[in-house]
Amino acid sequence: MDGLIRKSWWKWLGVALLVYVFVAGMLIPLKPNVPLVSHAFDRPNNKLILDLTGYNTQFTQQAEETRAWLCFPDSLRPHISSRSISVTDDQQARLTFDLPASLPGDEDFVSLSLIVDGSVDGAYIRPDAVRLARVDFEDVSDNQWNYDKITGLNELSRMTFPARRIIEETIRNTYFHVALWLAMVILFTAAMVYAVRYLQFQKRSESGAVIPVKNGLDLRKRADLWSLALTEAGLLLGVLGLLTGFLWAKYTWGSYWSGDIKQYTTMVALLIYSAYFVLRSSFKEPEQRGRTSAAYNIFAFVLLIPLIYILPRLSENSLHPGNGGNPAFGSQDLDGTMRMVFYPAVLGWTLLACWMASLRFRLSQMQTKIDEKWEEEEWPVAEEAKSNVIS
Amino acid sequence: MPRLILTTIIFFICKLAYAQQSPDVPADFMRSLGKIYVVVGVIVIIFLGLVFYLWRLDRRLTKLEDQNH
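Protein chains in written order, with this note's numbering: chain B, 1 to 391; chain L, 1 to 69.
Check the hints yourself; a few may be wrong.
Using 30 Å as the maximum straight-line C-alpha spacing, the simulated DSSO-like pairs for lysine-lysine come out as follows [what the hints assert, rightly or not]:
no.	chain 1	residue 1	chain 2	residue 2
1	B	K284	B	K369
2	B	K11	L	K63
3	B	K7	B	K369
4	B	K31	B	K203
5	B	K369	B	K11
6	B	K149	B	K214
7	B	K214	B	K369
8	B	K7	B	K284
9	B	K149	B	K284
10	B	K214	B	K11
11	L	K63	B	K149
12	B	K203	B	K373
13	B	K31	B	K369
14	B	K7	L	K63
15	B	K47	B	K149
16	B	K284	L	K63
17	L	K63	B	K250
18	L	K63	B	K31
No lab work stands behind these hints: they were computed from the structure.
Model, not experiment: these values are computed from the prediction.
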């Protein structure tokens, strides 16, 4: 890392990756979907009418060829296909279904999924589109449930991000909020590695070995300064992760702070890491400061991993995906298109944070050198002054 | 100068409050357009965090320069 500090290619790489992340992450549209479905019955004719409000849909361009099915949620069978569709505009359409004579199975209620298919928007599914009760079905119909598999669905040719209810456009926060946390863990790991190196050099110097000097500072001191700089940049990422999480939570989970297990544990982890700086500032003597803070940094990292990765997964309930029995980011949530942006985002934020840490490192390196120079110059002066006083 | 900055800030706050009352903007600004402004807010927070770091670095450099002279 020390050799790279004056090179600029990786700084540009980080910036280029982030520019790509911002452009692709903001410009790729969400998959067409129908966030709003309202239903009504046309009783004497035994018809079910669904009014769709689409998002990113182009109903008018595929008006004649749009097909739709209402189907049972798990296997998408049995299903009924729509009788007619009337399109008002690109976002508004009305579907009419002939209700079958009865509800199969022995449940009194059923929540049906809606599948809409067309050549422009491709096929998409709206889970829980309409809830029907057994009494809604009247034995006057000759329409039957169809047990065949739905075939001939169109594939969407455009690049899109998955459309999820409640999350909606904020799925893009994956590249900012989630990637920030991963970058934080990478930085804290690097800080921990430097803390271990500090202690190794410390041990070597105690056994009498000479520690190599590089750029005017011995490697042990440099390890201490690297550990400090990386922890500082990592903590900034963590605080930003928490703040962005507040905002995201407000509009998806309902409040800034839901008392979620992962919110608590990350808060605790960040408090542990902020105590690192308090600890540092309480020592005047550099060697003591370096040794204690290196040990504390390793301790904080050892706590960080169970706090943010293990405990939330063990707990009974959590709002975060992948924790407390929630499904993790499955292929439906983090699909191929999102991965194409997400992984560069993690790398980009990490490189940017490393750049910030390297600036901080160079600053404290200069500071340490100046301090040492001052001490060297001051000592003889002080001795002289002392001898003057004595004589 | 500080007075001018304050006036500008207040002007924009008033402007924002006014914009939220106009009928063609939905009642909840942050939830409009598929909650895209939540993403905008997240990016603004990150930007301010980076600026904060830059400002801290600036302070530290100033201290170093003062010491060196």
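>> Tell me the numbers of any earlier hints that the structure contravenes, in ascending order.
In response: 4, 6, 8, 9, 11, 13, 17, 18
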